[in-house]
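Protein chains: 2
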Amino acid sequence: MIIQKTENSKLPTFDPNNFSFGDTFIDHMIICEYENGKWGDVKLVPYGPLPFTPAMMGVNYGQACFEGMKAYKDENDDIFLFRPEKNFERINKSAKRLAIPEIPREAFIDGLNALVDIDREWIPKGEGMSLYIRPVVFATEEVLKARVSNKYMFAIVATPAKSYYSAPVSVKISDYYSRSANGGVGFAKAAGNYAASFYPTQLAIDEGYDQVIWTDDATHEYFEESGTMNVFVRINDTIYTPKTSEKILDGVTRDSFLQLAERNGIDVVVGDVKVADVVAALKDGSLKEAWGVGTAVVTTRFEAIGYGDEKFALPTLADEDSFAFILKKALVDIQTNHAEDPFGWRVKVDKKY
Amino acid sequence: MIIQKTENSKLPTFDPNNFSFGDTFIDHMIICEYENGKWGDVKLVPYGPLPFTPAMMGVNYGQACFEGMKAYKDENDDIFLFRPEKNFERINKSAKRLAIPEIPREAFIDGLNALVDIDREWIPKGEGMSLYIRPVVFATEEVLKARVSNKYMFAIVATPAKSYYSAPVSVKISDYYSRSANGGVGFAKAAGNYAASFYPTQLAIDEGYDQVIWTDDATHEYFEESGTMNVFVRINDTIYTPKTSEKILDGVTRDSFLQLAERNGIDVVVGDVKVADVVAALKDGSLKEAWGVGTAVVTTRFEAIGYGDEKFALPTLADEDSFAFILKKALVDIQTNHAEDPFGWRVKVDKKY
Ligand SMILES: Cc1ncc(COP(=O)(O)O)c(C=O)c1O
Ligand SMILES: Cc1ncc(COP(=O)(O)O)c(C=O)c1O
Numbered sequence: 199m200i201i202q203k204t205e206n207s208k209l210p211t212f213d214p215n216n217f218s219f220g221d222t223f224i225d226h227m228i229i230c231e232y233e234n235g236k237w238g239d240v241k242l243v244p245y246g247p248l249p250f251t252p253a254m255m256g257v258n259y260g261q262a263c264f265e266g267m268k269a270y271k272d273e274n275d276d277i278f279l280f281r282p283e284k285n286f287e288r289i290n291k292s293a294k295r296l297a298i299p300e301i302p303r304e305a306f307i308d309g310l311n312a313l314v315d316i317d318r319e320w321i322p323k324g325e326g327m328s329l330y331i332r333p334v335v336f337a338t339e340e341v342l343k344a345r346v347s348n349k350y351m352f353a354i355v356a357t358p359a360k361s362y363y364s365a366p367v368s369v370k371i372s373d374y375y376s377r378s379a380n381g382g383v384g385f386a387k388a389a390g391n392y393a394a395s396f397y398p399t400q401l402a403i404d405e406g407y408d409q410v411i412w413t414d415d416a417t418h419e420y421f422e423e424s425g426t427m428n429v430f431v432r433i434n435d436t437i438y439t440p441k442t443s444e445k446i447l448d449g450v451t452r453d454s455f456l457q458l459a460e461r462n463g464i465d466v467v468v469g470d471v472k473v474a475d476v477v478a479a480l481k482d483g484s485l486k487e488a489w490g491v492g493t494a495v496v497t498t499r500f501e502a503i504g505y506g507d508e509k510f511a512l513p514t515l516a517d518e519d520s521f522a523f524i525l526k527k528a529l530v531d532i533q534t535n536h537a538e539d540p541f542g543w544r545v546k547v548d549k550k551y
Numbered sequence: 199m200i201i202q203k204t205e206n207s208k209l210p211t212f213d214p215n216n217f218s219f220g221d222t223f224i225d226h227m228i229i230c231e232y233e234n235g236k237w238g239d240v241k242l243v244p245y246g247p248l249p250f251t252p253a254m255m256g257v258n259y260g261q262a263c264f265e266g267m268k269a270y271k272d273e274n275d276d277i278f279l280f281r282p283e284k285n286f287e288r289i290n291k292s293a294k295r296l297a298i299p300e301i302p303r304e305a306f307i308d309g310l311n312a313l314v315d316i317d318r319e320w321i322p323k324g325e326g327m328s329l330y331i332r333p334v335v336f337a338t339e340e341v342l343k344a345r346v347s348n349k350y351m352f353a354i355v356a357t358p359a360k361s362y363y364s365a366p367v368s369v370k371i372s373d374y375y376s377r378s379a380n381g382g383v384g385f386a387k388a389a390g391n392y393a394a395s396f397y398p399t400q401l402a403i404d405e406g407y408d409q410v411i412w413t414d415d416a417t418h419e420y421f422e423e424s425g426t427m428n429v430f431v432r433i434n435d436t437i438y439t440p441k442t443s444e445k446i447l448d449g450v451t452r453d454s455f456l457q458l459a460e461r462n463g464i465d466v467v468v469g470d471v472k473v474a475d476v477v478a479a480l481k482d483g484s485l486k487e488a489w490g491v492g493t494a495v496v497t498t499r500f501e502a503i504g505y506g507d508e509k510f511a512l513p514t515l516a517d518e519d520s521f522a523f524i525l526k527k528a529l530v531d532i533q534t535n536h537a538e539d540p541f542g543w544r545v546k547v548d549k550k551y
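First to last, the sequence lines map onto chains A and B. All the letters of the first sequence, read from the start, carry residue numbers 199 to 551 under the working numbering. All the letters of the second sequence, read from the start, carry residue numbers 199 to 551 under the working numbering.
Some hints here could point you the wrong way.
[What the hints assert, rightly or not] To spell it out: a stretch of chain B is covered by chain A in this simulated footprint if at least three of its residues, at any positions, have a beta carbon under 8 Å from a beta carbon of chain A; those stretches are:
id	segment
1	242-249
2	319-328
3	381-392
4	484-490
It is worth saying that the hints were derived from the structure and are not from the lab. In this text, a Cβ means the ideal position worked out from N, Cα and C, and glycines have one as well.
Use the sequences and the hints to build the structure in full.
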C-alpha cells in the first residue's frame, strides 16, 4: 500500500459534538484503479477531487456499486469494525452482477484497516456515534458506448456518524412502484437501485409518510424491503422477515438480528410476508411492532403503516417489551464492545500506521 | 450562454477516415450546474476533466440519466439534428422519474445547437457518418446519504460516429434476466438500466449470441426490447412491435419507423409480442425478419434468435424484400437530407458562432 498523508489535516476544525453527517469527510481516502485487466497499487491519499469528464461510464451507465459499514470506538479508544468480511463478500456479489471486476482483498480489507487506523482520531465516541464507511467502485473509462468498462476506480471514503434516524417513522406499502425485478439487480448494492427509489419515496413523503415498503413488482402482495432497510414485522410473539432472494439485499444487520433473535429465544419465521396478512394483523391488533434494519440506522421502528387509503397506527411498546429494542440493544452492545461477542463479529483495527 | 473556446483544438489530429467511435471527443462540451434550487449559466467549454470526489452522489446512487442523438452533415456541409425535441422531452421524463430537476431548454436545445455549430468541422461526411451526441445529467453533491441530491451537472459531450453495427446479429430471448420491473425505471434512460444489462449480455455472448431480447420479468412470455434497441418482428407481411409502457423505452427510431411504415403502406401491429408466437413463427417459416432499432445503429437485423436450447436461423432477404432495409433507408435519407422530409423531423443547425 502506498501511503500519502495529508499535510493539511481538517481534524482541528472537526467538532465531534456538532457536525453534519454524510458531508463531513475524514482526512484520507483509499483509491485503487483498474486498467489493462488488473488492479493497480492500493493508495491512501488525502480526501479530495479527482479529474473525471462527463463521459465517464460510471455516471453514464451506472456501472457502480457500493457498501456501507461502520467503525466504533470504545471507552479505551479501541476501534472495531463490524463483520467486515460480509461487506467484502457482498461488494463482490454486487460487482459480479454489474460486470465489474472482483475487488481484491488488499484494496478492500487492508484499505479499510489502514484508513480507519490512520484517521482513528476522527471517530466520535459515545452513544450512537461511529464512523460511517463507504467503499465504492465505479467505471471510469471515457467512452460513449453502452458496454462493460475497461477501467474502474475502487475507493473508500468515510464520514463521522451519529445514529440519524431516531424517531419512529410511518411507512407506505407500495402498490405500484417497485425497486427490483425478477432477474434484476435488487440483491446488489447497485448504484442505480437507489436513484430509482427516490421518486416513489418522494411521493410517499408528499402523502405524509417517511418511507416506502417495497413489494414484489409482479403482484405487490409480498413485502420485500423498507426504504433502504430490510424489514421485520412482529405478529403476536413471532417475528417475520422476507427470505432473501435476487430481489432483496442480504443485509448484514438483518442477518445479525436473525442470529440474535435465535439466541434470545425469539421465534422467527423467514419466508413470505404477505401484505394481506400484515394488514389483517394491523386490523385485529395482533401486529405488535414492525421495523426496518440497516447499518446506517441499525433499527427504525414504524409508528404507522399505510396501505391504499388507510393508515394504521402501531401500538407504542415500552422498550423492555419491544423485540426491536431488545435486538437493537444486543447488537449495538456487541458492535461497541459493551457486551461479549459470542459470534466473533467484532474485528479490532490494529494500530499499525 | 458563456462561450469559452479551446486554444488547443485537436481537430488537426482527427482523421475522419480512421477514428475510433465513442472515445474520440470533439473539442468542446456544454456544461450547466444546478445548485441552491436553480440551474446556473449554460457554458460551452473545452472538453476535459472536472474535479469530482468518489463521494459524488452520481456514482454512489446512480442518480443520472442521458440521451443519445445524432447530427448529420450533407453534401453542402449543412448540419441537421434529427427530432431533437423528442430527446429533450424524453430526458425530462427520465429526470422526473429519477427525482432530477427539469433540464431547461436553454441548456439542452440551445446548448446542442451551439456545440454542434462550433464543432461542425468535427462531423464526418458520407454514408453512415454522423456526430453522436450525449446529453447527460448526474448528481454531483458529495454526500453519503441515500436521498435526492441538491446539486447536479448537465453536460453535452459528443464523438464522431460511423454506423458501427453493420453485420446481422444473433439474439437470445431471456428466460431469466430482465431489464425492468413493473413500477420501475425501464422507460427512463436511467444510467443504472445499462449497467444492469451488461452481465446478462455477457452470458449471452458466452453462449455465442450478440445481444439479449429482454422479456417481461414476471413471466418472460412477452418481448420488451433487444439489447439497447426497440424490437420489431415481421410475420408474413405484418410487422409487430411491443407497445411502449413504463418498462420499455419510447425510442425515437421506433416512433419514426412506425410513421414511415404507415406511409409506406406496411401493416403494423403495436401490442403484445408473445415469445410463443415468435417461436411458432420461427418454426413454421412465417417469421420473415426481425430487427432492433435505435439511434446509434439505426437498424440491426437478426440472423438468428435463440430460445432455451434452440437457435433458429432467420431467412436472408434481399434488401428490396426487407422491410427493415426499406424503412432504414427511408429514415436515413430523411436524416441526411437525401429525401424530402414530410414529417418536419430534420432541424438545421444555423451558423451562429
Ligand atoms: C436496499 C437495502 N436494503 C437493506 C440494507 C441493509 O443492509 P445492511 O444491514 O447490510 O446495512 C441496505 C443497506 O443499508 C440497503 O441499501
Ligand atoms: C434501452 C433502449 N431502448 C431503445 C433505444 C432506442 O431509442 P432511440 O431510437 O431513441 O435511440 C435506446 C437508445 O438508443 C435504449 O437505450
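Taking a Cβ-Cβ distance under 8 Å as contact, does the segment 381-392 of chain B have three or more residues in contact with chain A? With 8 residues in contact (Cβ-Cβ under 8 Å with chain A), the coverage given for the segment 381-392 of chain B holds.
Count the residues of the segment 484-490 of chain B whose Cβ falls closer than 8 Å to any Cβ of chain A, and tell me whether that reaches three. Three-residue rule not met by the segment 484-490 of chain B, so violated; n is 0.
Coverage claim, chain A over the segment 319-328 of chain B, checked by counting residues with Cβ within 8 Å (three needed): violated (count 0)
8 Å C-beta criterion, at least three residues: is the segment 242-249 of chain B covered by chain A: Coverage by chain A holds for the segment 242-249 of chain B (5 residues, Cβ < 8 Å).
Violation of the numbered hints given earlier is confined to hints 2, 4; the remaining hints are satisfied by the structure.
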